[in-house]
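**Student:** For what it's worth, UniProt numbering labels the leading residue of the sequence shown as 1, then goes sequentially.
Source of the hints: derived by calculation from the structure; they are not laboratory data. Hints are not guaranteed to be accurate.
With a straight-line cut-off of 25 Å between C-alpha atoms, the simulated SDA-like cross-links for lysine to any residue are [stated by the list, open to error]: (1) 125 with 142; (2) 134 with 117; (3) 125 with 70; (4) 174 with 125; (5) 106 with 174; (6) 54 with 78; (7) 169 with 144; (8) 125 with 48.
Between beta-carbon pairs, the in silico distance windows are [said to hold, decoys possible]: (9) 15 with 170: 43 to 53 Å; (10) 38 with 143: 21 to 31 Å; (11) 149 with 103: 25 to 35 Å; (12) 158 with 99: 20 to 30 Å.
C-beta atoms are modelled at their ideal positions from N, C-alpha and C, and glycine is treated no differently.
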Amino acid sequence: MKPLPPPSSHQNQLNQSDLQAHVVNRVHACVQLASRSLSVDLALPTITFNQRGKIAGCARLQTNELRFNPVLLADNYQEFIDEVVPHEVSHLVAYALYGRVKPHGKEWQAIMRQVFGLNGHTYHKMDVTKVSGKRFTYQCLCGDIELSIRRHNKVLRQQQQYICRQCHKVLSFKQPTSV
1 MKPLPPPSSH QNQLNQSDLQ AHVVNRVHAC VQLASRSLSV DLALPTITFN
51 QRGKIAGCAR LQTNELRFNP VLLADNYQEF IDEVVPHEVS HLVAYALYGR
101 VKPHGKEWQA IMRQVFGLNG HTYHKMDVTK VSGKRFTYQC LCGDIELSIR
151 RHNKVLRQQQ QYICRQCHKV LSFKQPTSV
């Protein structure tokens, strides 16, 4: 599949709903291309823009759904159109043709190459600074250790204790120092 031309200055000014409409159109085009190339009737997936965190996109195989990250889309339009959409559509195609197989296995790689003309990359290289979660500093005898907000909240609710891998002591929350 030919990559789209680089975004023009107009594309850089698209609002979120325009960007999402472009992704939906690209998904439909990718599904149609795969259907023609592989001589199989593929259903159009449900498309949502509620993926959170550092993940650009996610294919839900059993429900034929694609989820995309709206924050990463806004900052990485061209990579979404050229790489992320074909990547996620390939997961759905592999599932439709072969059932449960390795997520980035030979079947998925073959679809990426043969249908979309892409080398399948497992991970994106987008800047995730905007979507990185808040970190909390804990300490032990070895020094400071950063925990995610999810782990921090488990400690606060007394649902979990975390142990240092080196000194095997329970981590304790390090209160931020005020300036």
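**Student:** Check each numbered hint from earlier against the structure, then list the numbers of those it violates in ascending order.
**Tutor:** 1, 2, 4, 5, 10, 12
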